[in-house]
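A.B. asks: Here the sequence shown is numbered in the working numbering, starting from 21 and rising by one per residue.
I should point out that these hints are in silico values taken from the structure, not numbers from a laboratory.
Glycine included, every Cβ here is placed at the ideal spot set by N, Cα and C.
Accuracy of the hints is not assured; some may be wrong.
As the list claims (entries may be wrong) - Below 16 Å or equal to it, Euclidean Cα-Cα: the simulated EDC-like pairs (lysine to aspartate or glutamate) are:
hint, residue 1, residue 2
1, K37, D129
2, K153, D129
3, K90, E46
4, K154, D143
5, K90, D172
6, K25, D85
7, K89, E51
8, K89, D129
9, K155, E144
10, K118, D129
11, K25, E72
12, K80, E144
13, K154, D129
As the list claims (entries may be wrong) - Per label pair, the in silico range of CB-to-CB distance:
hint, residue 1, residue 2, range
14, P152, T123, 45 to 55 Å
15, E169, D85, 27 to 37 Å
16, S41, I128, 24 to 34 Å
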Amino acid sequence: MTEYKIDERLVRVLARKYANSQNEEEDLFQEGQIAYLRAIQTFDESKNIRIEAYATRIIKNRFIDLLRKKRDTSQDVDSESASAEYSLDQRVSLIEIKQILATHIADIDRAIFNSYIEGFSYDEISKIFDLPKKKIDNIIQKVKRAIRERVDG
Numbered sequence: 021m022t023e024y025k026i027d028e029r030l031v032r033v034l035a036r037k038y039a040n041s042q043n044e045e046e047d048l049f050q051e052g053q054i055a056y057l058r059a060i061q062t063f064d065e066s067k068n069i070r071i072e073a074y075a076t077r078i079i080k081n082r083f084i085d086l087l088r089k090k091r092d093t094s095q096d097v098d099s100e101s102a103s104a105e106y107s108l109d110q111r112v113s114l115i116e117i118k119q120i121l122a123t124h125i126a127d128i129d130r131a132i133f134n135s136y137i138e139g140f141s142y143d144e145i146s147k148i149f150d151l152p153k154k155k156i157d158n159i160i161q162k163v164k165r166a167i168r169e170r171v172d173g
């Protein structure tokens, strides 16, 4: 078994990419180091993947979880008003939207749209999925059209 150590440069680059401020970057850097340790502990050499690639995925997932929790605790929105806000012209409920997404929308498009209806900004979604903001907007508009077609159809 190979002995691995934390690649602090990799963790710093990822923290910088996901952070919105210097303080947040330092918090993410520390969390990223912990996530890298977890990656080392769970890494399986037989999978033919580099430790850096595996650790990057683990770190990104940790950052996304942290940013979601931070956003969720900073928003105080009850489910009724959230449902009304994201209900596409009030013609369909959030539950119906989720059902349409689950059955008619590609996985990546569904994940992006779910991030959008959960309150993530285009900038945040762009960082999470490593896609340009224009591509994020195109996907969200395409999903909205698909939902409208199913509702009106």
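A.B. asks: Please work out if K154 and D129 have their alpha carbons no farther apart than 16 Å.
C.D. replies: Holds. K154 to D129 sits at ~14 Å (cutoff 16 Å).
A.B. asks: Can the restraint linking K153 and D129 be considered satisfied, given a maximum Cα separation of 16 Å?
C.D. replies: At roughly 14 Å apart (the allowed maximum being 16 Å), D129 and K153 satisfy the hint.
A.B. asks: Given the hint that K90 pairs with D172, does the C-alpha gap stay at or below 16 Å?
C.D. replies: Not OK: K90 and D172 at ~36 Å, beyond 16 Å, violated.
A.B. asks: Does E46 lie within 16 Å of K90 when you go C-alpha to C-alpha?
C.D. replies: Roughly 15 Å between the alpha carbons, so the hint for K90 and E46 holds.
A.B. asks: Within a Cα-Cα threshold of 16 Å, do K118 and D129 meet the stated pairing?
C.D. replies: With Cα atoms ~12 Å apart, K118 and D129 stay inside 16 Å; holds.
A.B. asks: Between K89 and E51, does the CA-CA distance stay at or below 16 Å?
C.D. replies: 14 Å, holds
A.B. asks: For K80 and E144, compute the direct alpha-carbon distance and say whether it is at most 16 Å.
C.D. replies: Judged against 16 Å, a Cα distance of about 13 Å means the pair holds.
A.B. asks: Could you grab the alpha-carbon distance between K155 and E144 and see if it respects the 16 Å cut-off?
C.D. replies: 13 Å, holds
A.B. asks: Straight-line Cα separation of K154 and D143 no greater than 16 Å?
C.D. replies: 10 Å, holds
A.B. asks: Is the distance from the Cβ of P152 to the Cβ of T123 consistent with 45 to 55 Å?
C.D. replies: 28 Å Cβ-Cβ, so the 45 to 55 Å window is violated.
A.B. asks: Please check whether E169 and D85 have a Cβ separation lying inside 27 to 37 Å.
C.D. replies: 33 Å, holds
A.B. asks: Taken at face value, is the distance from the CA of D85 to the CA of K25 at most 16 Å?
C.D. replies: 24 Å, violated
Checked against the numbered hints listed earlier, the structure breaks hints 1, 5, 6, 8, 14; every other hint is satisfied.
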